[in-house]
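Protein chains in written order, with our numbering: chain Y, 1 to 327; chain G, 1 to 260.
Everything labelled a hint here was simulated from the structure, so no lab data went into it. Ideal Cβ positions, reconstructed from N, Cα and C, are used throughout, including at glycine. Keep in mind that the hints are not guaranteed to be accurate.
So, partial list: chain Y residues that the calculated Cβ filter (under 10 Å) puts toward chain G [said to hold, decoys possible]: (1) Val215; (2) Asp227; (3) Pro300.
A few chain G residues that face chain Y, going by a derived Cβ cut-off under 8 Å, partial list only [what the hints assert, rightly or not]: (4) Arg75; (5) Ala220; (6) Phe241; (7) Ile243.
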Amino acid sequence: MLGPLGLAAGLLILASLLAVLGLAAGSEGWSLAWAQEWDLVSAIRAPRTLGALLTGALLGLAGAIAQGLFRNPLADPYLLGSAAGAGLGVVLVLAAGGLLGQHIGLATTDLLLRVGLVGGAFIGAVVGVALTLMLARGTGRPLVLLLAGVVVGILLSSVSELVTLISPEALRGKQIFLLGTTSFLGWTSAAVLAGALALVLPLALRFARALDALVLGEASASSLGLDLHKVRLLLVVLMALATGTAVAQAGLVAFVGLVSPHIVRRLVVVTHAPLLLLSSLAGAVLLLAADVAARSVIVPQELPVGVLTAVLGGMYLLVLLRRRGNW
Amino acid sequence: MAGPALRAEGLSLRLGVHRAVDGVSLDVQAGQWTAIVGPNGAGKSTLLSLLAGLRKPDAGQVWLQGRAMAALPPRERAAALAWLSQQGEAEGDIAARDVVRLGRLPRHGLFGAPTTADEAAVDRALAETEATPFATRRLNELSGGERQRVLLARALAVEAPVLLLDEPTTHLDAPHQRALLRSLAGRARDGVAVLAVLHDLTLALAADRVLVMARGRLQADGPPADPALRQALMQVFEHAFSIEAVSTVGGPRWVAVPLR
Numbered sequence: 001m002l003g004p005l006g007l008a009a010g011l012l013i014l015a016s017l018l019a020v021l022g023l024a025a026g027s028e029g030w031s032l033a034w035a036q037e038w039d040l041v042s043a044i045r046a047p048r049t050l051g052a053l054l055t056g057a058l059l060g061l062a063g064a065i066a067q068g069l070f071r072n073p074l075a076d077p078y079l080l081g082s083a084a085g086a087g088l089g090v091v092l093v094l095a096a097g098g099l100l101g102q103h104i105g106l107a108t109t110d111l112l113l114r115v116g117l118v119g120g121a122f123i124g125a126v127v128g129v130a131l132t133l134m135l136a137r138g139t140g141r142p143l144v145l146l147l148a149g150v151v152v153g154i155l156l157s158s159v160s161e162l163v164t165l166i167s168p169e170a171l172r173g174k175q176i177f178l179l180g181t182t183s184f185l186g187w188t189s190a191a192v193l194a195g196a197l198a199l200v201l202p203l204a205l206r207f208a209r210a211l212d213a214l215v216l217g218e219a220s221a222s223s224l225g226l227d228l229h230k231v232r233l234l235l236v237v238l239m240a241l242a243t244g245t246a247v248a249q250a251g252l253v254a255f256v257g258l259v260s261p262h263i264v265r266r267l268v269v270v271t272h273a274p275l276l277l278l279s280s281l282a283g284a285v286l287l288l289a290a291d292v293a294a295r296s297v298i299v300p301q302e303l304p305v306g307v308l309t310a311v312l313g314g315m316y317l318l319v320l321l322r323r324r325g326n327w
Numbered sequence: 001m002a003g004p005a006l007r008a009e010g011l012s013l014r015l016g017v018h019r020a021v022d023g024v025s026l027d028v029q030a031g032q033w034t035a036i037v038g039p040n041g042a043g044k045s046t047l048l049s050l051l052a053g054l055r056k057p058d059a060g061q062v063w064l065q066g067r068a069m070a071a072l073p074p075r076e077r078a079a080a081l082a083w084l085s086q087q088g089e090a091e092g093d094i095a096a097r098d099v100v101r102l103g104r105l106p107r108h109g110l111f112g113a114p115t116t117a118d119e120a121a122v123d124r125a126l127a128e129t130e131a132t133p134f135a136t137r138r139l140n141e142l143s144g145g146e147r148q149r150v151l152l153a154r155a156l157a158v159e160a161p162v163l164l165l166d167e168p169t170t171h172l173d174a175p176h177q178r179a180l181l182r183s184l185a186g187r188a189r190d191g192v193a194v195l196a197v198l199h200d201l202t203l204a205l206a207a208d209r210v211l212v213m214a215r216g217r218l219q220a221d222g223p224p225a226d227p228a229l230r231q232a233l234m235q236v237f238e239h240a241f242s243i244e245a246v247s248t249v250g251g252p253r254w255v256a257v258p259l260r
């Protein structure tokens, strides 16, 4: 049987192969003549490939934390209001640009505007989670927390709708953001994503045993001497940081956070520490695979990567349901 | 050791308007194997979670090895008292052995690594509940009885001086129920204070001491040989059965016989 080390090795090999493809996939088809188009490769394809890997890793990590924290294999890192919050953040920045007479597209290369958009999405994601925590009065009751996340999600999404109704120029940018896209990932994005992963992953690994203990149920985990309130709050914050950073750079890429931990759990029997690592790797591989495909299926056009992850993720879940005989 | 392993004084807890536990006081000595019995809704599980320090009582106090429960750091409490929950809440894809390893968490802490002593305790606990053969399988792939034996092993692996078990025989087949009782009696002989909520009265009557609970209160407390205890037991169950003595190789045993 495949062990955790075997799976890690397999995922690393896949990631390397995909990275080569990522560097080769351009708007005019495949090309490995990197020396001739060095500028293109180093300025666009390389950061985009690295950014896709890192975004996927953050989403895979956040998904594994979410599913352990809520003791639910269908929990998604977007659940706690971060997705709707980030969406609102982006819409507000776009609409504000419209009010100031500046038409901002998501593709803007102006550094200040880019920082504004990314910052807006990140702040929105964090505010969304904070609102959810306030509404649920902390993390003490996981079910209430989930419900609060749903309520905040609906509320913030309707505010987004309202803003786009008043300021229609924000609509297109919002759509691209909601679909998720890796096409704006540059070196700065890659650096920010790498920073977030370097902060969140080690901390999450340090608390992985608490996620193991939660397998027993809330009360049993407490009986083992865990301070569940603190541990849960910390894990929610880590999840919000990972999700917020990923979403701010690449929009609402669907299903990577939900499916990555699933795939790992199906293939190997592991505790949460290896699961967090492997799920990050799986997320990286998934998102880069989707990104390479998005860049190469309809050359010279490209698909928003989120459309592909949604299709692939949806198909995976359907296969899973069929295998279990539930569908 | 001086004083009881576990002491409760005037414990009360309301759940809504319902007095789930109503002024319960009791001492549990080290080396004593005690069963709690009573009809559904008598407050047995609530009492056990109060004794385990997992709920705060509205009134009253619990002392664990002479120290006030409310003032104990959680990890010290967890190392001194193991608790097995009644509900089958455990749910996950981690291996059975990793579930049992969680029992050592109070010893090595969230950030410490399990030592060889910890691994040995895990092996002992798995062997004690005969769960070694499926130790590498996922918790979610085990049958109800196998899962219960893994969860029991998790509680035993703590090797705590006080062991509180809520319905430990759930899902177990008859031989494993008997085996569990033997290991609980063995733990008690080694000086552990064992307190278990049991539904099967015949199993409960194998304990050194039986606490009879109804409507949140302790109705009787004594060894099964005490006629007053047996009388109280039949009374709280509205004389649905009688308790008979059966002589066995190991001496007389008490058996609950259904009457209707």
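Handout entry: Closest C-beta approach of Ala220 (chain G) to chain Y relative to 8 Å, hint status
Key = violated (28 Å)
Handout entry: Agreement of hint Pro300 (chain Y) with chain G interface, Cβ distance less than 10 Å
Key = violated (44 Å)
Handout entry: Interface restraint verdict for Asp227 (chain Y) against chain G (beta-carbon cut-off 10 Å)
Key = holds (6 Å)
Problem - Hint status (Cβ of Arg75 (chain G) to nearest Cβ of chain Y, threshold 8 Å) - result: With a minimum Cβ separation of about 4 Å from chain Y (threshold 8 Å), the hint on Arg75 (chain G) holds.
Handout entry: Satisfaction of the Ile243 (chain G) interface hint, Cβ to chain Y closer than 8 Å
Key = violated (33 Å)
Handout entry: Status of the hint placing Phe241 (chain G) at chain Y (closest C-beta pair under 8 Å)
Key = violated (32 Å)
Exercise for the section: Tell me if Val215 (chain Y) is really an interface residue toward chain G, meaning its C-beta lies closer than 10 Å to one of theirs. Expected result: Holds, about 4 Å.
This entry does not satisfy hints 3, 5, 6 and 7, going by the numbered hints stated previously.
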